[in-house]
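Using the hints, put the two chains back together into the complex; each one sits in its own frame.
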Amino acid sequence: MSVRRLAKEQPESFAFNKKSEDEVKFWLGKYPEEKKASAVIPMLWIAQKQEGWVSEPAIRDIAARLEMPYIRVYEVATFYTMFNLAPVGENLVQVCGTTPCMLRGSGDLISVCKNRIGKSGEISEDGKFTWVEVECMGACANAPMIQLANKDGDHYIEDLDAEKFEQLLDDLAAGKDVKFGPQSERNASEPHGTKVLSDPSLYDGSKAKPIKLPNTEKAEG
Amino acid sequence: MSEDLRKIIVDGEEIEVPNSYTLLQAAEEAGREIPRFCYHERLSVAGNCRMCLVELVGAPKPAASCAMQVKDMRGGPNGEPPAMNTLSPMVKKAREGVMEFLLINHPLDCPICDQGGECDLQDQALAYGRTGSRFPENKRAVEDKEMGPIIGTEMTRCIQCTRCVRFVTEVAGSPEIGMIGRGEDAEITTYLESAVESELSGNVIDLCPVGALTSKPYAFNARPWELSKTETIDVMDALGSNIRVDNRGPAVLRIMPRVHEGVNEEWISDKTRYAWEGLGKQRLDKPYLRENGKLRPVSWSDALSAAAEKLSGDASRIGIIGGDLNSVEELKAAKDLAEALGIASIDIRQDGAKISAGPGVARQSYLFNSTIAGIEDADAILLVGVNPRVEAAVLNARIRKTWLHNDTKVGVIGEAIDLTYDYEHVGTSAADLAGLKRKRSGFIKTLKDAERPMIIVGTGALSRADGAQILNAAGDLAAAIGAVKDDWNGFSVLHTAASRVGGLDLGFVPGEGGHDVAGMQSGAMDTLVLLGADELDMSSFGDAFVIYVGSHGDNGAHRADLILPGAAWTEQDGLFVNTEGRVQLAYRSVFPKGEAKENWAIFRALSERLGKTLPYDNLEQLRHKLFEDHPVFAGIDHAPGAEGAAQFDVKSIGQAGDIADEPFVAAVSNFYFTNPIARASETLAACAALRAEPEQVAAE
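Which chain is which? The protein sequence lines are A and B, in order. For any residue, its number in the working numbering is found by taking its place in the first sequence, counting from 1, and adding 12. For any residue, its number in the working numbering is found by taking its place in the second sequence, counting from 1, and adding 534.
In short, the hints are calculated from the structure, not lab data. Treat the numbers as computed from the prediction; the structure is a model and nothing was measured. Just so you know, even glycine gets a beta-carbon here, dropped at the ideal spot from N, CA and C. One or more hints might be untrue.
Below are the DSS-like pairs computed for lysine-lysine, each with C-alpha atoms no more than 30 Å apart in a straight line [to be verified]:
{"hint": "1", "chain 1": "B", "residue 1": "935", "chain 2": "A", "residue 2": "126"}
{"hint": "2", "chain 1": "A", "residue 1": "140", "chain 2": "A", "residue 2": "163"}
{"hint": "3", "chain 1": "A", "residue 1": "20", "chain 2": "B", "residue 2": "750"}
{"hint": "4", "chain 1": "A", "residue 1": "20", "chain 2": "B", "residue 2": "673"}
{"hint": "5", "chain 1": "A", "residue 1": "47", "chain 2": "B", "residue 2": "673"}
{"hint": "6", "chain 1": "A", "residue 1": "131", "chain 2": "B", "residue 2": "673"}
{"hint": "7", "chain 1": "B", "residue 1": "679", "chain 2": "A", "residue 2": "131"}
{"hint": "8", "chain 1": "A", "residue 1": "48", "chain 2": "B", "residue 2": "935"}
Incomplete in silico selection of chain A near chain B, CB under 7 Å [claimed, not checked]:
{"hint": "9", "residue": "16"}
{"hint": "10", "residue": "82"}
{"hint": "11", "residue": "90"}
Just chain B, with the same shape it has in the complex (with noise of 0.2 Å):
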């Protein structure tokens, strides 16, 4: 709206801004960089580092530009509009001063500091600060605080702007970091040093902006110039949360997130953070075979031939079970080798819900229809058997802010769990689920009159026996409430794996006359390939000789009978696809470990033995096949969101029948153990045994 902006000059430079900017969003406008150290974009404005003083033209004092608006600028004396320097020496003095006395009190020991070479206050010294100090007293010393087995504390080195106080307390919604004391004896710690147990914890080590809550794990690992990037997506939930991965030389050293406006803002969970640890261990790096009950090492060449033997006979006795951590590709090369071998048995959904897919079923039956931006448009949301907070930790960040900010009203059926926002709990079981939609006060009224209302079905409800019908149900009720509308589709559905979305979008499930997870694990098979799949019964499948192809020696491997050594998801290139149906490209940061194969190859020389080529020799050729056969995968970084939600039939998704009247219960119980790179992360067992209350541990 033109009412709303303002002419102001910055610098002689006249631009116009909206009112509602700060001085120093202005000046950024502008083109002009104010350093800072309090202030953060995602967090509400503290203005007590003074680093961002800007000269106000008639202001007798500069002003803080992070906690000053536009509307609140004066004019000059004859109308002129009002104005502000940036660059004057007035500005320069007192970044200068500001600078001084922020490193009286902090130490000059860059060269030990896990935080050189990408600090803030490095660099902003710098660039604005004097060549020396006036202060020849002791600096004060501050003692290190216990903060859990992820951030490592140098308190000495805080600067005490508090952005991991409002992290904590605004973003994550688990208020256990405070500023105690006062003046200089402040202290930045957690109540009686107890440790931070948000599952967003990690990402106050990327807001400090100086080295003093560092990253345990990678302490003393390695100086950010050594370490090449690779900007990728993660694979610990559905979120596809966009990452960078840096190594050195072959191993995995950190992982950071990066901005995506549409996921994961600038937020990762402390499993995504953490998994790079997986990465290092228990590593699947040649092949095995088992004999008289014993693994044996294997050439790639006889392990092949293993694998070609037993996938040669009876074909509806043979079955393929995708994993959570499947890059499309992958997936794609499989079943491609499975049609050529006639192989009907295929799922990718290892934890039985009961979602179809393939042709004649809408995309928007599976998909996060809502994307997961728009959670910040809706106005009345409700939970269906699903625990956002450690199925998704950073999706239920974005729903705790749009609790904060927009008043959107939260109901929960399923289990009454600390989400970290308040919520109006409407059941437990499936049959509240059916019932709501009779009800006529209470919360489905909101949810009725929410001009933008939304479903989140999570997996746990719909892995269920009954989970179709509660689809069903769920997207009845979707209907119910107008969920479904030209330009809005509130229908969502959250999935907790990775590859999920994409495995659905490929038709990775079981064709005609083929068995899915639990018709295989009832024995009828001969052969089972496990692509990473490791979240089974595995004493399940009787006497049936199982192949896994994977990278990691977790359940699946144990069971195995030979193992075909794969790459992790870091370790080649891929698409992957989140639960709004985005597609994402991961890139490779390191190469797979020892003899290990990336996984689309290992299928396509397994067809070559068996005589059926696949009609690709690299991963550009499958990808044009790939996208030759389904278009989709090739709309990269798109959310379809409402697109074609007229003619969605809501109402018509699952299966009608009758409903259990069962609790619900989450898909996730524990956040730091879902897959098995997660598994083999030291840092996240520690997490989570330290999250295991004594009496849960004693009920196991």
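One chain only, chain A, in its complex shape (with noise of 0.2 Å):
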């Protein structure tokens, strides 16, 4: 970590979308009126995913909507790494260096990003690509691991080496679908080489008996 700072160059203004907008009516319909300040870390995350990064008129739009003084959202800003500050690329690679992740050959990963991507925090030339060493993210059975950051989400990339990180970089280089979780033989995060839980129909959901989701109207399985 390092001392974060807002981007130097800012948009003149920031609006929320129509999608945007009802998330935002979603998270501020969960709090009380009095105690809406309480949602402004979904605000932040939300102004950052409609965006890729959270600019400093967005700031100033939460604070008003949420009628906290602007210094109050700026903390929070920039209290959460996970907040990004300056513009990002299409992909934010974060990758993971904390010890296990280090032990299981991250350091690899990281040169690959030096190589390909340049320096840590800035956009690729092609605008593609942005890579950051973040702290353990709670995969460490799979490790090393990155979470890749795009338009389609969020998602762990697990089990991975150089050499499959660089075949990786180049599908999501040329807009191929990548396989999201481990990029091993194995499902989640059991032994390698098991035979257990092999049965395809435990993960399409078939398996699951619908349940009322309490608060709800609606059934799930």
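What follows is the structure in structure tokens.
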């Protein structure tokens, strides 16, 4: 981690789009009117999902909507490293560099990033990538791993090595769909080479019974 | 209540303290000193510096004494009272550890730091720290932040106690400072380094336990041990904030607050804090006489002769106008001289406030009767034609405090401005005030239901042509809502001038056949004495011969035909009566500049020239005479509050009559420029320029 500052170049204005507004409404609905400042983190996150990063006009817009002083939203945005304070490439590659991943070869992934993408935190020349090193994301059993954030959402990509990672970046650059989750033969974090949990029906949802979700009308399964 | 008390043992000594006390307060009760950085009595508890660790007997770890309450302590296994140690080896080790951590990233630049010599970190490192550090790593460095013309920053020194953040958020009510980032990279800043605009922002400099936030105008000026310190009273507003004036030789170098729970707690406004800059600028240091349109320096003897010649003319065509910063003694001397000469046109109300005074007028009709501390007892407050944020910034913090902690309801009749707390905007004009009594719902109900309702009337409302009628309407309303009862007097007038209440108590108002300020301005005067009165339309005196007695070359001196240089308030002893009617003693810090004399002495000298020698030769005799004539001034530091409230007929104050349906305008439009001393201060000018919105500048 290092000192976090807002980007030097900022857009003129910020506005939530239609889809974001729906999400904002959902989150604001969760809190009583006088406690609506509680929605500050979801709001920042929605803004980031929309724009790819949190801009200064977005901070002001969110502060105004939540009736918070600007400085309070600014504090939150700089506190959490998950908020990008500068624009990022189409694909944000967050490489875990914490001990388990480091022992399993995250150093190799980082050198790949440096060679292919460039400096940490900067957008690659083709505009497709930005990479950063992050702390443990809790997938140590599948180390080394990255989190990929792009328009499809945030996904873990695990059981990597330099070769697979290069291939992954190639596919992403070419605009191909990539497989999320473990890149090995594993489905999840079971021991390598086990035959348990291999029944495909376990994973397609057909075994699950519909249950009624709490506080909702509908049943899901 | 006895059931709320609990027996605890502090370092083997048994004491009984209230359950709600924190361990830190309990330890202080037992006479122990607990070091602290983030904890401050008047701010919320943060508990992040860990310097106040104490040992709880039976607990595995030390506890932060500022953040734990006595009621949460656990007793011994055999029913012994809970015990804590503040002097044990464990505590010593804990403090040394905390201090070592704090100093990992704190620069050792004390020799070039402005806080050196009065630094909490320095003192506590000496008392509770280790000799050396075990951290060879590099210290972190932090970029300095821009916070405006008042607060200088050296952010590498910051220890993240967040006192400044809590002050601006809680007390000042303008959350502009915050802590961004986290961990080692946490930094204190304003939003995108904008200037802090609160009127109380200077207090964060005092609160900062290290040299991270320092006073920009005072930077590298002096060391605390070089300064002579004088405990005195502020005159920038009518609160009479208790201050300490620090001077080195003839120069006042800074002003700091003193604690007075009844007046300013321990805050002062920025205007108070930086008025000292104005004390060294624009000063009148010798007498001047206007000849052929130009002011020429003359000797005191010639000046007094010229003044005596003019003052010996027709007494009915001579007037004396008192200013906003005069001590009671100089007003007394001026009034005595006026009486000796038969001058009836004297007036202390240069803003034209329609407040009557003198025999037969209850003192309560112009005092802040609830008292400033009493604001905290009020449960509903109505502000009438007043903007306390600029007229008395520290008092506004007190209203905010009671709004925040006691759920006091606030209503406003006047301009809808940001007061740092929520209020109900009841109306804007005088008619809304008069009509409020007849309403049945809304804020009038809140006031009527309140046990201790309060009405604060500003001088902006009273200085209109129908000021006396507005005073009457406010008194009427006060009677209707039961604001005045045996033990509570909620009818309060908030003055803006430090000399106003003293002058009114003295009866410094037109005598029989005399003119008030408006009358004197209509050209009826041959000779006018302006006693530090600068807030007047100077073009309205016609051909009158104007004698200006005062300290600063401001509006009055520009118009004057004769200038008699006087002392500023820091240059003479004097009594000041604040808006509550509290008489306070101000002391001399430095001597008057150049040939300037103490103001009362100027009138004493004039009286001798005129052959009407005043019966006192020194300040002591003057005070004796003052106390003899007006015993009310002898009650030093006493605010009358609700005394005599039972006999006070609030309904009959002012004058009954019609009220013009015009909107109220606050008495102060520019917080930083209310008097000649403040106008001479560069820092305050910078603050004012910062505050002026572009559209306002265009409108002027």
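Now the hints, each set against the structure:
1. 935(B) with 126(A): Between residue 935(B) and residue 126(A) the Cα gap is close to 55 Å, so the pair fails against 30 Å, i.e. violated.
2. 140(A) with 163(A): holds (12 Å)
3. 20(A) with 750(B): holds (27 Å)
4. 20(A) with 673(B): holds (27 Å)
5. 47(A) with 673(B): violated (40 Å)
6. 131(A) with 673(B): The hint holds at about 26 Å.
7. 679(B) with 131(A): Cα-Cα ~28 Å, so holds.
8. 48(A) with 935(B): holds (23 Å)
9. 16: holds (5 Å)
10. 82: holds (4 Å)
11. 90: holds (4 Å)
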